[in-house]
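First to last, the protein sequences are chains Y and F. Mapping to this note's numbering: the first sequence position 55 is 55, numbers consecutive. Mapping to this note's numbering: the second sequence position 46 is 46, numbers consecutive.
Hints may contain errors.
Listed next, the in silico BS3-like pairs over lysine-lysine satisfying Cα-Cα at most 30 Å (straight line) [as the list claims (entries may be wrong)]: (1) Y/Lys-186 - Y/Lys-110; (2) Y/Lys-110 - Y/Lys-73; (3) Y/Lys-73 - F/Lys-51; (4) Y/Lys-186 - F/Lys-2; (5) F/Lys-50 - Y/Lys-110; (6) Y/Lys-73 - F/Lys-50; (7) F/Lys-2 - Y/Lys-110; (8) Y/Lys-186 - F/Lys-51.
Honestly, the hints are just simulated from the structure, not real lab data.
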Amino acid sequence: MRKLNALAGAVGLLGMQPAWAGDEATQPLPQRPAWGAFVSFSPTYSNNALLSRSDRRRDIYANPDVMLRLDGKLSSDISYRLYGRSSFNAFAEETFASETFALVGARLTKTLWDWRTSVSFEHRFEYSGVYRDLLFIADDLMISTTRDYSWGPFTVSPTAQFGYRFADVAEAERYRLDLLLPIEAKLMSRWSIVATPLLEAYWFTGGLNDGRQDIVYSASLGLRYSIASNMSLTTSANYEWRTSNVPLRHYRDFEIGPRLDLAF
Amino acid sequence: MKPMLILAAMTGILLVMASPSVAQRSEAGDRGVRLETNALLTDVRRERLKKPAARSGAAVKAKRRIKVD
Numbered sequence: 001m002r003k004l005n006a007l008a009g010a011v012g013l014l015g016m017q018p019a020w021a022g023d024e025a026t027q028p029l030p031q032r033p034a035w036g037a038f039v040s041f042s043p044t045y046s047n048n049a050l051l052s053r054s055d056r057r058r059d060i061y062a063n064p065d066v067m068l069r070l071d072g073k074l075s076s077d078i079s080y081r082l083y084g085r086s087s088f089n090a091f092a093e094e095t096f097a098s099e100t101f102a103l104v105g106a107r108l109t110k111t112l113w114d115w116r117t118s119v120s121f122e123h124r125f126e127y128s129g130v131y132r133d134l135l136f137i138a139d140d141l142m143i144s145t146t147r148d149y150s151w152g153p154f155t156v157s158p159t160a161q162f163g164y165r166f167a168d169v170a171e172a173e174r175y176r177l178d179l180l181l182p183i184e185a186k187l188m189s190r191w192s193i194v195a196t197p198l199l200e201a202y203w204f205t206g207g208l209n210d211g212r213q214d215i216v217y218s219a220s221l222g223l224r225y226s227i228a229s230n231m232s233l234t235t236s237a238n239y240e241w242r243t244s245n246v247p248l249r250h251y252r253d254f255e256i257g258p259r260l261d262l263a264f
Numbered sequence: 001m002k003p004m005l006i007l008a009a010m011t012g013i014l015l016v017m018a019s020p021s022v023a024q025r026s027e028a029g030d031r032g033v034r035l036e037t038n039a040l041l042t043d044v045r046r047e048r049l050k051k052p053a054a055r056s057g058a059a060v061k062a063k064r065r066i067k068v069d
C-alpha cells in the first residue's frame with residue numbers, strides 16, 4: 001500500500017504542475033493524493049427481472065460493485081478523482097437480464113455557493129451477461145451538483161446530475177437528467193432510516209431510439225446499520241416505475257434486499 | 001404474380017424487423033439501466049462511509065512512545 005501511495009504522490013504531483021505554475025509562493029501545499037477502494041455487495045429480489053411491461057418474471061440477483069479511486073487536490077478549492085469501476089447483475093434464473101459494466105473515469109470538483117459541483121468523464125464498456133458479449137462502448141460527459149442540509153437527526157442531500165452519452169451504437173446515445181433527494185434520519189448511534197426519491201429522465205438521440213423519451217420514478221426506503229465507520233449494512237425496498245413515449249418501454253419493478261458497503 | 005411479390009416483400013420486412021440485431025440495437029438504450037440506477041444509489045450510500053484514517057509514520061511512533069511511557 002505504501003508503494004501505491006508513493007506512486008499516487010508521483011501521479012498527483014505531475015497533475016498539479018499546471019496549477020502551481022501561476023504563483024507557487026501564494027499557493028498552499030496541496031494534500032497528498034489518497035487511494036481508496038470501495039466494495040459493495042447485494043443479493044436482491046426483483047419482481048420484474050426483465051424490466052418488461054407484460055412479461056413479468058420474479059428472480060433473485062447478485063450485484064457486486066467494486067471501485068478503485070485516487071483522490072487529490074489540484075488547488076485549495078479544486079479536487080480531482082481518477083477511478084476504475086465495475087459492477088454486474090447476475091440473475092439466478094433469468095440470465096438474459098444479467099449485465100455488466102466496466103469503466104474508467106475522471107472527475108473535477110469545486111464548491112460553488114456551498115454546492116459541491118463536479119464535471120466528470122467516463123469511458124464505459126457495457127456487456128450482456130457477466131462480461132459475456134460486449135454490447136457497446138460509451139463515453140459519458142456529466143455535470144453534477146450536491147450539498148447537505150442537516151436539521152437535528154435529519155440529513156437531506158439534494159443532488160442533480162445531467163449528462164450526454166456518446167456511444168458506438170447510435171441507439172445508446174442519449175441525454176440523461178437525474179434528480180435525487182437522499183434523506184437520512186438517525187435513530188440511535190448506529191441505526192438510521194434512509195430514503196431516496198429519484199427521478200431519471202432520458203432523451204434518446206440516435207438510431208431506432210431517436211425521439212424516444214423515458215422517465216423513471218423511483219423511491220427507496222430502508223434501514224441502515226453502521227457496523228463501523230467504513231462498513232454499513234442497508235436493507236431497503238425500492239419501487240420503480242418507468243413511463244415512455246414508446247409504450248413497449250413501460251414497466252414497474254419492486255426490489256428488496258440487503259446491501260453491504262465497505263470502504264478501505 | 002403481383003400478390004406474391006407483395007407477400008414476399010412484407011415477409012422480408014417482418015423478418016428484418018424481428019431479427020435479433022434490430023431488437024438488440026433498439027434495446028441498447030435499455031441495457032444497463034438497472035445497473036446504472038443501482039450504481040447511483042450505491043454512490044449515495046458510499047458518500048456516508050469514511051475510509052479508516054491512514055496513520056502517518058510519526059503518528060504510529062508517537063502512539064508507541066505513549067504505550068512505552
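Can you name, in rising order, the numbers of the hints this structure does not satisfy?
4 and 7
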